[in-house]
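Based on the provided sequences and hints, a complete structural model is requested.
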Amino acid sequence: MLDKNERQFFAGSDPNPVIQGISGTLYQAGIVLTQTGPNTWAGRGNVASYGMVPKVAVSVMPMQGGFFVDARIGPDFESNGLIIFLVAWLFFFPLAIVLGVMGYQDWQTRHQQLSGVLWSSVGHLITAPPAPQWGGGAMAPGPWGGGQA
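Counting from 1, one number per residue, gives the positions in the sequence shown under this note's numbering.
Source of the hints: derived by calculation from the structure; they are not laboratory data.
All C-beta atoms in this analysis are idealised placements derived from N, C-alpha and C, irrespective of residue type, glycine included.
Be aware that a few hints might be false.
Claimed, not checked - Cβ pair distances, simulated, as ranges:
#, residue 1, residue 2, range
1, F91, G12, 55 to 65 Å
2, Q113, P62, 21 to 31 Å
3, F93, G12, 46 to 56 Å
4, I83, G12, 23 to 33 Å
5, S13, S115, 20 to 30 Å
6, Q105, Q28, 38 to 48 Å
7, T36, S13, 16 to 26 Å
8, T127, N39, 27 to 37 Å
9, F91, T127, 20 to 30 Å
What the hints assert, rightly or not - No farther apart than 25 Å at their CA atoms in a straight line, the calculated lysine to aspartate or glutamate pairs in the DMTMM-like style are these:
#, residue 1, residue 2
10, K55, E6
11, K4, D106
12, K55, D70
13, K55, D106
14, K4, D70
15, K55, D76
16, K4, D76
17, K55, D3
18, K4, E78
19, K55, E78
Structure below.
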């Protein structure tokens with residue numbers, strides 16, 4: 001519910017300039033990406049709001065004609081925020097509801113800002129993915145009446 005996935009296609013074969021651009025803009029936003037696998041990077045912010053800190057995971061999936069960059073943005077919950085929420089839930093339920101709603105709204109705003117920052121430096125490189133190649137020739141006959149006439 002709070003995690004959001006985004007996917008963009010980039011033409012070309014070298015994802016390094018795109019990843020460097022994304023990494024640089026996220027660094028300015030307080031999130032340092034580190035490589036966690038051959039085609040994956042992850043980072044975590046350091047500023048909490050309502051007990052939530054943004055975390056970002058970026059992966060590259062090569063394909064013919066270019067590559068997809070998948071970004072997952074989600075919150076990482078800090079223990080102090082969870083404790084305050086649970087205490088409010090147990091002892092003063094309306095406060096817990098207010099904190100939950102305000103935290104959710106704050107996260108949605110932060111997510112939109114972070115998503116805009118994520119793609120801002122590489123937005124001019126985003127292209128439409130190539131059309132899938134389904135094979136050629138005449139349509140195969142099927143139960144819906146397709147095929148040659």
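Do the hints match the structure? See the list:
1. F91 <-> G12: 55 to 65 Å: With a Cβ separation near 57 Å, F91 and G12 satisfy 55 to 65 Å, so the hint holds.
2. Q113 <-> P62: 21 to 31 Å: Given a distance of about 29 Å, which is inside 21 to 31 Å, the answer is holds.
3. F93 <-> G12: 46 to 56 Å: Given range 46 to 56 Å: holds, Cβ gap about 54 Å.
4. I83 <-> G12: 23 to 33 Å: 48 Å, violated
5. S13 <-> S115: 20 to 30 Å: Roughly 26 Å apart at Cβ, these two residues keep to the hinted range, so it holds.
6. Q105 <-> Q28: 38 to 48 Å: 24 Å, violated
7. T36 <-> S13: 16 to 26 Å: 22 Å Cβ-Cβ, so the 16 to 26 Å window holds.
8. T127 <-> N39: 27 to 37 Å: Because 19 Å falls outside the window, the suggested range is violated.
9. F91 <-> T127: 20 to 30 Å: 54 Å, violated
10. K55 <-> E6: Roughly 14 Å separates the two Cα atoms, so the pair holds.
11. K4 <-> D106: 15 Å, holds
12. K55 <-> D70: Holds, at roughly 14 Å.
13. K55 <-> D106: 15 Å, holds
14. K4 <-> D70: Holds. K4 to D70 sits at ~10 Å (cutoff 25 Å).
15. K55 <-> D76: The given pair, whose Cα atoms are some 6 Å apart, holds under the 25 Å limit.
16. K4 <-> D76: 13 Å, holds
17. K55 <-> D3: OK: K55 and D3 at ~9 Å, within 25 Å.
18. K4 <-> E78: Holds, at about 19 Å.
19. K55 <-> E78: 12 Å, holds
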